[in-house]
Amino acid sequence: MSRTILYFMFCFALACRSGPDAETQVILSLKEINQLVTAEYVVNKIIKASDDNTWYKIGDRKILLTCEASLKAGIDFSTINTSQVDIRNKKISLTLPHATLFSLNIKPEDIKVAYEEIGMLRSSFSAQERDMLAVQAEKQMQQSADSLGILKTAETNARLFITQFLRNAGYEDIEVKFEYAGGNAN
Amino acid sequence: MKKSLFRTLFIVLLTFLVLLLLNIKIPDIKNIFRSRPVVIDNTPILIKEIRELAQLCTITSAGEVVADSSVIRLKSPVEALIPDLSGFGQLPVSGKNLVIIGRGKVIAGVDLQKLNTQSVYVKDDSISLTLPKAEILDIIMNPSGFEIFSETGDWSSEAVTAVKMKARDKMVVRSLQQGILSKANLRSIMLMENFLYSLGFRQISVQTNA
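Protein chains in written order, with the numbering used here: chain D, 1 to 186; chain W, 1 to 210.
Since the hints were derived computationally from the structure, they do not count as laboratory data. Values in this document were obtained by computation on a predicted structure and should not be read as measured data. Glycine included, every Cβ here is placed at the ideal spot set by N, Cα and C. It is possible that some hints are incorrect.
[As the list claims (entries may be wrong)] Label-pair ranges, simulated between beta-carbon atoms: (1) THR163/D - THR152/W: 56 to 66 Å; (2) ILE46/D - ASP125/W: 24 to 34 Å; (3) ASP146/D - ALA159/W: 53 to 63 Å; (4) PRO37/W - LYS177/D: 39 to 49 Å; (5) VAL42/D - ARG202/W: 40 to 50 Å; (6) LEU14/W - ASP146/D: 49 to 59 Å.
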């Protein structure tokens, strides 16, 4: 009898075992950055989820959230130095680094519950559960940011801004190029 | 013996068939009592607006803040009779509380779109540039930066958002106390001086409107 109880306890402990928790340590500080942000995309996404996969939970829960995010991209300003500038009288040629995505910002007030359907035997989505869904949406947005064309827009805007700035600084013939990943300019 | 084996096999097969027909997922024995995570669908991202910017971001302040909210009320006579699971126990009051830890960053710098023709003065290899004063350009506190530390009671989405906004405001205040704007001003001047030097100017004067 006691062996049977022990066996069941062992099975129960095995079933409830959780995976190793990833401990993250964040160093928080004031940091110097050198970003020239030249493009911002405001994007929308619908977060759609259905919680009906756990076998012992009777009934379904569905939720629809709307989410607005802002993506910012630009160029690293610190990499511009004399080696990337060629000056001949009033003619200047400048080579800039390629644009990168600097930030994805989802404001808390821009995540709204649009629809919720809760089965009779289920509780509504808690704040923590809603947050977990928003985190997944954030990851999806981060992964597909490049495909939106923000980097190309950021480079075009950077070229326009720097051309205008150099014109104000007295240059008449201005050429702004972007580096290849290998180091040459296009 | 043969008959009972046949019967057992028949019952097992019938059970599987019923489970398949009812679309009931067979639980993983190892994680039998663990809830399956809710996975969102991969919906498309729609571009709402494209903005042209020229923001020189020079300082970022990363931080972690705690914000909370609680609602306490007197128990009704009926509530006093039933067990209280909200943490107030036998006390004559009941309520709910929410504690959120928020991690994010505040970005400061200068908005170069505010530059105009009067901001730049050039003569030979001399240049004078007046930058607009530094400002907070972005406050980033994404869903992945929030942690619900304690949640008792039912909290609406709007109420949770209000607590998160409180956390965000706290972080801005903390950044301002750290002197983020004055540091951003100084660093903007330094970066622009280096940039102008690489453009061939040798007499450089950069100042801010601050």
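Q) Lying within 24 to 34 Å: is that true of the beta-carbon distance ILE46/D to ASP125/W? A) With a Cβ separation near 56 Å, ILE46/D and ASP125/W fall outside 24 to 34 Å, so the hint is violated.
Q. Should the hint that LEU14/W and ASP146/D are 49 to 59 Å apart at their CB atoms be regarded as holding?
A. Taking Cβ atoms as reference, LEU14/W and ASP146/D lie about 52 Å apart, which means the hint holds.
Q | Range hint 53 to 63 Å (beta carbons of ASP146/D and ALA159/W) holds or violated | A | Given a distance of about 36 Å, which is not inside 53 to 63 Å, the answer is violated.
**Q.** Distance restraint hint 39 to 49 Å, applied to the beta-carbon atoms of PRO37/W and LYS177/D
**A.** holds, 47 Å
Q.
Given the hint of 56 to 66 Å, is the C-beta distance from THR163/D to THR152/W inside that range or not?
A. holds, 58 Å
Q.
Against the range 40 to 50 Å, how does the distance between the Cβ atoms of VAL42/D and ARG202/W compare: consistent or not?
A. Check passed, 42 Å falls within 40 to 50 Å.
Hint compliance for this structure: hints 2, 3 are broken, all remaining hints hold.
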